[in-house]
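Protein chains: 2
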Amino acid sequence: MSSVIQSGRISRVVVSGGTHGNEMSGVFLAQHWLQDSSELHRKSFTAEAFLANPLAVQRCVRYIDTDLNRCFSSELLSALSSESDPYEVKLAREIYQKYGPKQCTNFLIDLHNTTSNMGSTIILFKGDNLSLHLANYLQTNCVDPSFPFHIIQYDLPKGETIYLQQSGKHSISLELGPQPQGVVRDDVLTRMRELVNCSLDFLDLFNQGCEFHSFETDIYQTISKIDYPRGEDGNIQAFIHKNLQDKDYLPLKPGDPIFQTLKGEDVLYTGKETMYPLFINEAAYYEKKVAFVLSEKIHCSVPALKLQN
Amino acid sequence: MSSVIQSGRISRVVVSGGTHGNEMSGVFLAQHWLQDSSELHRKSFTAEAFLANPLAVQRCVRYIDTDLNRCFSSELLSALSSESDPYEVKLAREIYQKYGPKQCTNFLIDLHNTTSNMGSTIILFKGDNLSLHLANYLQTNCVDPSFPFHIIQYDLPKGETIYLQQSGKHSISLELGPQPQGVVRDDVLTRMRELVNCSLDFLDLFNQGCEFHSFETDIYQTISKIDYPRGEDGNIQAFIHKNLQDKDYLPLKPGDPIFQTLKGEDVLYTGKETMYPLFINEAAYYEKKVAFVLSEKIHCSVPALKLQN
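These protein sequence lines map, in sequence, to chains A and B. Counted the way UniProt numbering counts, the first sequence spans residues 1 to 309. Counted the way UniProt numbering counts, the second sequence spans residues 1 to 309.
In short, the hints are calculated from the structure, not lab data.
Identical copies look the same in the list; a pair holds intra-copy or inter-copy alike.
Cut-off 20 Å, straight-line C-alpha distance, at most; resulting in silico cross-link-like pairs (SDA-like, lysine to any residue): (1) Lys247 - Thr222; (2) Lys289 - Val61; (3) Lys247 - Ser146; (4) Lys242 - Gly119; (5) Lys288 - Val61.
Construct the entire structure; sequences and hints are all you get.
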């Protein structure tokens, strides 16, 4: 690998809010920027915002028929369309047509909230070094101790897509929390707004030829998902243990309690390795059978970055 | 007024959870007590639990057709029933038949959560001195600094009913928060469980002839509701100001900021009197056009209480 990564100019930047209709920071910000996008202007580009799932926003629900942010597989995007397709599958095709690779979206920022204590989380995909540099720029230039900064890396098999953010050549999702569904909190919205603005600043500096030094950082790579203990009827039998609640990104060791039943019994973590739990007690994941996500903490070295000549 | 209130023996106590299907502490507790009610047994009575809105619980939503906790008016309860009635109107009639005055429910405890920073809130109705004594007993005997204790009094015109808890002769609602909708937090659930148990202890002591001294306390009486600033399209134009967020029960003075627009403009409180805001930024109240509720703080003296001979 070269000691300097060269990456192409960023000409089209898109910011999506309301991919989940009850995650309110992104909903409010996208609606605001649709009325007045001046805040998204930079010297070298003009970013545009869109509201990804307007009907879900209107009803203040995560989705109408199915989770939009799981509808971006090549199978669904390329399948023959039918009137009976779920609303979000139709929506995903529209979004992909409008903002996907054919439209040369170089950078996509997708805005999310979580009920978990995830602070300022950036989700990016393995191999996207431009996004890693952007994350490092945020980590250095956009600090807020109330919302500690973390980077999650998703490692999908090459070419596999699921998520809206993958419509962009490069992309991040911002996951800010904790915030209840259906609520807009000033502190969370303000933090998200700062992170978007600082991201746009980074992309503008990059376009202007600024070189970014190599760096080292910790990232969290998702490994597996842990469901709640359930009875034969499928109902949840225990809830997140008080020792685990709000402890996203902190080490979970073998034998640590992870759930407690209403009879007061602890359920222990039986894994053999220390892992780092994410999205602990996220409201939207109860139905997905996910109590929390396990991740590994990886230390990585990222080469310097500059604009391709 | 006599210096000692005499009140009849409490023979039937009912605890309802899941009146709103996504307020999870009550949902989990009611489901647990339906399987094993031994925790609700006392010397002088056996309390029973029920799940008020099972379909809403199953779908993890507040309600299916309309808010169950606004369906207990005498008009709705006594109207001719029709197949096309909203699901919750039918449900309210069933609940009223099963647990209402004809079934001599002397005490009803209705379990709720809120996304607002309402700590341990007890809601009771004006004139219900037994419930005021119960609240005072909780305030003295069931302390948890993480969830400060407050009493809200609703003052409806005589005979007017709206809420599920009014199916009982005496009643309280427990409103615990903050907790996101669709999430069960150990700390909130544990606190609610303690409050229910301590309430049952009080009722048992009362039945056994224990006399409760007169006392003085502060209660919050709801006065009016404040909506978000809205545009001509009905969309919200500003959100709860950071100075007001999480400040439930703290004084709001004329001129204090209450909202902020996305352009950074403050909206000030224009009332003439200091008031006490409640349910600030409750997720379920966006659609009800309530950003927060204004209340007056009232100091009141409550006479002693004993069992009627």
